[in-house]
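Heads up: the protein sequence lines correspond to chains A and B, in order.
Counted from 1, the first sequence has number 65 at position 31 by my numbering; the numbering is strictly sequential.
Counted from 1, the second sequence has number 34 at position 28 by my numbering; the numbering is strictly sequential.
Watch out, some of these pointers could steer you wrong.
Stated by the list, open to error - The following label-pair restraints were derived from C-beta to C-beta distances:
1) B:Ile50 <-> A:Ala205: 40 to 48 Å
2) A:Arg87 <-> B:Ile50: 24 to 32 Å
3) A:Pro80 <-> B:Thr112: 50 to 58 Å
Stated by the list, open to error - Only pairs whose alpha carbons sit at most 20 Å apart, straight line, appear in this in silico SDA-like list of lysine to any residue:
4) B:Lys69 <-> B:Ser47
5) B:Lys23 <-> A:Ala49
6) B:Lys142 <-> A:Glu132
7) A:Lys61 <-> B:Leu70
Since the hints were derived computationally from the structure, they do not count as laboratory data.
Cβ atoms here follow ideal geometry from the backbone N, Cα and C, with glycine treated the same way.
The lines below spell out each chain.
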Amino acid sequence: MAAARSPASRRILSALAVLSPLLVFNKFVYSVGVVEGRSMQPALNPDTSGTRRDVVLLARYAPVISDMGGPIAHGDVVFLTAPHDPSMTLVKRVIALEGDAVRPRRGAGEGIGSWVREVGPHDGYVRIPRGQCWVESDEPYRGVDSNVFGPLPLGLIDCKVAAVLWPLDRAGQVPRRMPKPGRVVYEGRILLEVDEP
Amino acid sequence: MSLPRLQRWKSAARTLKLAARYGVQGCCAVLLFQAYIGEASVSIGPSMLPTFNVAHDLVFSEKLSIRWRPPQLGDVVVCVSPRNPARPICKRVLGLPGDTVYVDPTVPGGTRAITIPPGHVWLQGDNYNNSTDSRKYGPVPIGLLRGRVLGVWKDWFHWEWIKTGVVEEKQASQAVDVLVAVD
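Excised from the complex, chain A in its bound form:
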């Protein structure tokens, strides 16, 4: 059988044999991406002229395993599909997960998610429903984030930024940055303290 094949078709077959595990790795394990835009400054793309772009390592298994209660955690930087435009990819930081409550940034909420703040008690906090999250830009007021469209389904998250690859002087872990204390209430903990007189 194999001997009957022409050398060209054999070469194509063997290339496919190498390619398919590579494609699977690229789709389900790790891939490489480029960060566009300045909304994650100074953690990513800190160059103010905006000409240099960071190359990052993307962990694609993260959203998959998070179904088992795993690794999308507070403070992770993620690539996600924009809720208002499925062809657009956003890079944002996960600020809050289900069960948390977030106080939106001042001046936010005139956008798509403005209905969110009408739900629940009127205490200025937005509750994150089951299976959803709150994502924000590091740089306030640059780009659209959950302050505009409210909590987003976790299913929109495509992958997690595992590390910076390029430029080399900043290669390594993505710097962590969390919002000011008091803006996020983790699973009702701070809120309980506030509620009790």
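Using the hints provided, position chain B relative to the given structure of chain A.
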């Protein structure tokens, strides 16, 4: 070890290696096919009655066209649940961006109208009485849609294509005419 025995071991090892290689490649091919081209899955739940049965229906969906052709009114789509990223759901598109829908006029307080924001669709199960859908969690981002349902394999020798699109008003009025005639 005697020479024939050694040869037998060698050939067994070669067979094993070949099996492992084809196994890995086969799994990779299946995974890629499922992710990009299409898949068959068993639908469970009453929300799409009578289009799909409660169980044992094999639903065939393709994942290619959703990338370039936006969802159309009446399409049955496979979608990641907005409340649980691990759960795929299957619903019908009943509203497109910019449309205004009444949430559910049959329940008190359900008559409020929602205008579907850009990039979102309104999804509902065909079984309006028993379906958790956009009436509960609001418009769903198109980014959560994973594929379009082509057809259902209900039974041996029983294949049904999914009818998409909406019934034209003309047909509906004809139906009314027929009813009037019977009366």
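Hint check:
no.	hint	verdict
1	B:Ile50 <-> A:Ala205: 40 to 48 Å	holds, 46 Å
2	A:Arg87 <-> B:Ile50: 24 to 32 Å	violated, 45 Å
3	A:Pro80 <-> B:Thr112: 50 to 58 Å	holds, 55 Å
4	B:Lys69 <-> B:Ser47	holds, 13 Å
5	B:Lys23 <-> A:Ala49	holds, 18 Å
6	B:Lys142 <-> A:Glu132	holds, 17 Å
7	A:Lys61 <-> B:Leu70	holds, 16 Å
Against the hints set out earlier in the document, a violation occurs for number 2 only.
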